[in-house]
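K.L.:
Next come the chains, spelled out residue by residue.
Number of protein chains: 2
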Amino acid sequence: MALSLSLGPRVRKSPFFEAARADGLAAASVYNHMYMPTSYGDPAAEYDRLINGVAMWDVAVERQVALKGPDAMALARYLTPRNLDGLKIGQGKYAPICNFEGALINDPVLLQVSDDEFWFSIADSDITLWAGGIAGARGMNVEVFEPDVSPLAIQGPKSFDVVASLCGDWIRDLKYFAFRDFDLQGIPLVVARSGWSKQGGFEFYLRDGSRGEELWNIVKEAGAPYDIGPGTPNYVERVESGLISYGADTDPSSNPFEYGLGKFMDVDQPHDFAGKKALQAIRDAGVTRRFMGLLIDGPDFTGTNENRWDLSWNGANAGYLCASAYSPRKQSNIAVAMVHVDAIESGQRITVHAGGGDRTAEVVELPII
Amino acid sequence: MALSLSLGPRVRKSPFFEAARADGLAAASVYNHMYMPTSYGDPAAEYDRLINGVAMWDVAVERQVALKGPDAMALARYLTPRNLDGLKIGQGKYAPICNFEGALINDPVLLQVSDDEFWFSIADSDITLWAGGIAGARGMNVEVFEPDVSPLAIQGPKSFDVVASLCGDWIRDLKYFAFRDFDLQGIPLVVARSGWSKQGGFEFYLRDGSRGEELWNIVKEAGAPYDIGPGTPNYVERVESGLISYGADTDPSSNPFEYGLGKFMDVDQPHDFAGKKALQAIRDAGVTRRFMGLLIDGPDFTGTNENRWDLSWNGANAGYLCASAYSPRKQSNIAVAMVHVDAIESGQRITVHAGGGDRTAEVVELPII
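Protein chains in written order, with the numbering used here: chain A, 34 to 402; chain B, 34 to 402.
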């Protein structure tokens, strides 16, 4: 039986929440202590808009953790294994965060917004507490706080036309993760070339939470000629693209090497950072499982998996499936999964203990498409 | 329009979740990255069971943050402003946690479970990250982790009979927050005299997540002669009792003195702790707002407030209302609210900018009942 989502002041509302509801929001979850839209009730249309048109998503749950002050850069360096040499205002970097045991605790994008202010644009864990605890314990001269910043994503191939019509053609030249301050009809934004899809797009980081509905309606109107419609981070497309969903794909011992993030792990850099020793040891030991794609046989899936599904190979457990769906573009059932290396290296099919019964699957590299 | 709660592997399920659904769970939210039951669809019956009978609640979302190792006690002391002298195995203590600015970031109960292991039984924020960040930055010899522990609450005046029938009459002599290991038909538990109500009761801290359904059914069967039924932390009773709901009642600058927690703030103790200097200054300065009860006029409320409501007094903002409801026992509309001290001290009625229009209210001390 479907459950209702209880609404009350304990969980925060996004600046776009009421506008999203007015536009037919049907389902939500909670992410960073804020309601996260998950469906407008027509998954096929939402997928089609993302792949072939343009969609607008309330992703204010992607909260910012600001580091501000004389030690802000030193703290940013201490928080991520990625070497931040070359970080500059206007160009973001993907900057995973690990704990002292080397486990992944978030996978944010880092934006330097001024000489002494940095934002981690985070997944669902309280990095304000992690960063603030470390800064305080180390006696660093830096403020750690959540600023009034709420991203609205505009995604899909036609997002370029929509955003150019609002901001100008310069947005067509923005590099991936590049960003710029922009005043949109008096609304203060950071405009970034980013978003949690591989269909191209932008995020408007709204810097005044009182103007969410106004921004929503401006984007909706500018997008009307391109048939823009509301959507959410898309379940099917993220599986096709092999995007990592922190929490869905990870567990308390997940390390970045397992997710193909080794290229961002500058574990031998001269700067110290949380988890350095642990990550050096993990790098040296190598991984025992990897984040992979699956092509799964049998009848087309009609929904998504509510629970993780166990995998097996050669009579033993071979990991877990994180997210599965039928892909219209691949014309196959697909999934992302944590798969044991021995099963991957065998090249053989594995068994997926799916909700409706066992199926077999081919293990493939990501992205699937 | 009601929103559906999306279910998927990103948010965790409690060991009792499927049993709760089978027993008619109707609505839920998310708390500590886990689904939190909020309604079985009959609020009057759920309230009545708590006040006059006995109810069983899936409160596995009350996760434990374990500190284990030689420095566990030193870390526990560093994490709470409460002096932990006299803490002992078997007797919990309410131990609020503040950040380095003195703001409340959680209000857990602390349980010492062995010579070198402590559990913070937490509200909704990632204290694993706060504690782990501090421990790592300070180079302390302690593990910080979330153990496999999930509380099931048995609350209400008849909870004593139900729990005595399962565990023995010794449970009648447990002091508030006292606890003991117990083997219930082979299921490992910690039995504690605790729970988020003032109607009396116990929490079974299940120590093996694979046995949730079994424990649920044992309690259900033992409670049947007492008409036990499922319930959740009760909105109306918590307002009547003036219990603090972290996140619903607090904001990023809330400090413990505002919530009447000054008696637990041993800010002059010899031990150092996070936020000590800030809390000394806050104590010296005094508070500008306090957590209070309201008796609100007008027609009986038929539901609860989805958003915070602003308060005003003497023509100016006077704080915010956190949670409101009609109280059958008080036979009045009631609320908990953060109220400015000048409005409280005036002794005058304040205005509540309620969803359906302005109302006036008397400000009263907590608990209301």
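Careful, some of the hints might be misleading.
Intra- or inter-copy, both count: the list cannot distinguish identical chains.
In silico DSBU-like pairs for lysine-lysine, Cα to Cα no more than 30 Å straight-line [claimed, not checked]:
{"hint": "1", "residue 1": "Lys46", "residue 2": "Lys310"}
{"hint": "2", "residue 1": "Lys208", "residue 2": "Lys121"}
{"hint": "3", "residue 1": "Lys310", "residue 2": "Lys363"}
{"hint": "4", "residue 1": "Lys126", "residue 2": "Lys231"}
None of these hints come from the bench; they were simulated from the model.
Fair warning: this is a prediction, and the values are worked out from it, not measured in the lab.
K.L.:
All hints, please: hold or fail.
P.N.:
Status of each hint after checking the structure:
no.	hint	result
1	Lys46 <-> Lys310	neither (40 Å within a copy, 33 Å between copies)
2	Lys208 <-> Lys121	within (13 Å within a copy, 58 Å between copies)
3	Lys310 <-> Lys363	neither (41 Å within a copy, 59 Å between copies)
4	Lys126 <-> Lys231	within (16 Å within a copy, 50 Å between copies)
Violated hints, listed in ascending order, are 1, 3; each of the other numbered hints is respected by the structure.
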